[in-house]
Amino acid sequence: MRLVLATFPVQDARFGPRTRWHDGVLEIDRERVLEIIRSDPSVTFADVDLAHPREATRIVNFVDAIEPRIKVEGPGQVYPGICGRSVVPVGRGRTHRLGGFAVVECVAGPDARPPVLPEPGPTRDIARRQDFIDMRGPGAVRPFASLVNLVVSLEVAPGLGAEDRHLATHGAVLRVADDLAGVVTDLDPPSVETFDLSAKDPSLPGVVFIPLLASHEFWGGPDSKVGTAIYGQTRLSAPWILHPTEMLDGAVSQGTSWPLINNPITLELARRHGRELNFLAVIIHRSNWGGQAEMELAAHRDALAAVLLGAQGAIVTTNIRGRRFVEVAATVKACEGEGIRTVLVTEEEDTEDGNATPLLINDPAIVAAVSTGTGAVPEPFASVERVLGGREIDPSWFAELPPLAGRYGAHHIQDHYGIGRQSCADY
Amino acid sequence: MAKELERRGLPVALISAIPVIPLGASANRVVRGVRVEHVCGDPGLSPEADRTLRRRIVGTALRALQTKVAGPTLFDPAGSA
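Residue numbers (our numbering), protein chains in the order written: chain A, 1 to 427; chain B, 1 to 81.
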């Protein structure tokens, strides 16, 4: 399979009379965006704003961030399967993208959780709302802080269930992203990258990427559309085997859509294909099984799939901590047991002031690991001049916010792939 | 908690759906449970079969309490029917 990925970088975005991209500047027709959102009557409130890197701005009520992409050649539709979209396989042909830009989904309203209230010392309360984005200061560590963001603030009709709420809000931001990407369909891109993984060099080692991605089934049942989805499917299941270029068309999205489609591990392995290695496949392990036997079964299936594909090396990641780390350790162990050299890329647990070990399971099979930090933000989040993401903003959101401990369950960072800037040390 | 209670001289049997975690944390007597959602039984079974399973798990835990162990040990209800 061969995919041409063309990038139209967005250094600046502003509202203007018509939506167009020119020379790194994205002009957005604000009224048109609002019309696109309001075409669904279950959206009862919508507002849009722009947030640029280094502005004293905080984005709250954050749910997801989508990079606008569009297929201009080849079958399928980007971000397939979710919100009723086509499930035709993607990853072939040509895709245009707005680089360095995201449509940010913020959902407020009666069901939204309360804001963080400032208190002295690092907060370890995992129930606190941590899903905000600071665009400036020591707290600007999430990858979204480096993007030009179109912040879409939404409220939906009261009484909608979680599934309908998700379809309404995520569907709205997808329509906006589709429309924005549409303006670069016929333009000449400043930069183009070609990923052709069809030919394999037998003298090079075969490598697979095994991301463990939590399924929402544990909370939402097997038919839930909420949470990280593969072609729209969120259920717990045997491993999915994807061609790496499918990832670049958003075959796996929701929850953390932008980091998934811009995953540096997928991209770097694809770039090194044919030079240093053969990038054979992405084996997706749906995690969060309820019993140890199922966790071990899934891990063995990952390893045997890797063997069948001819892998000699594997990179394993996870997007959730806690007991799910049993599945991570089991996957590394199963791969190593099959003679596949395996590297784990992971966040560490909270050190709990030096009293806790960095990994919940210390299996001797884990012989090589790369840390992406603890998820802690050791300095306070500086006060801001502007807060985006909702109709009524609690005044406490403007104030300085306390540091975050990297406690298990902290989801402020979610830097599973090493994109952000909160690692303990830069090398 | 299991370790703290044992430190005070009270033997503890810990029933867990994922025994590798308490065993890794050096809990001495670990009993294999069913699932995270229902550690001590299985709502998918008939009431009679569920009752038998629950008795077997709790019986295994009681047996574990009476067993001398030298270190982290797994007690499997399936093997003690």
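Since the hints were derived computationally from the structure, they do not count as laboratory data. Please note that the accuracy of each hint is not assured.
What the hints assert, rightly or not - Facing chain B, a subset of chain A residues (Cβ under 7 Å, in silico):
(1) Q292
(2) G322
(3) R323
(4) I361
(5) P364
(6) I366
Stated by the list, open to error - Here are a few chain B residues that sit away from chain A, every Cβ distance over 12 Å (derived from the structure):
(7) V12
(8) S16
(9) E37
(10) V39
Unchecked claim - Sample of chain B residues facing chain A (criterion: CB under 10 Å; computed from the structure):
(11) A13
(12) G24
(13) A27
(14) R32
(15) R35
(16) S46
(17) L65
(18) V69
Predicted, not measured: the structure shown is a model, and the values here were computed from it. No residue lacks a Cβ here, since even glycine has one placed at the ideal position from N, Cα and C.
Comparing the hints with the structure gives:
no., hint, in the structure
1, Q292, "holds, 5 Å"
2, G322, "violated, 9 Å"
3, R323, "holds, 6 Å"
4, I361, "holds, 6 Å"
5, P364, "violated, 12 Å"
6, I366, "violated, 12 Å"
7, V12, "holds, 20 Å"
8, S16, "violated, 8 Å"
9, E37, "violated, 5 Å"
10, V39, "violated, 10 Å"
11, A13, "violated, 17 Å"
12, G24, "holds, 6 Å"
13, A27, "violated, 14 Å"
14, R32, "holds, 8 Å"
15, R35, "holds, 4 Å"
16, S46, "violated, 20 Å"
17, L65, "violated, 22 Å"
18, V69, "violated, 20 Å"
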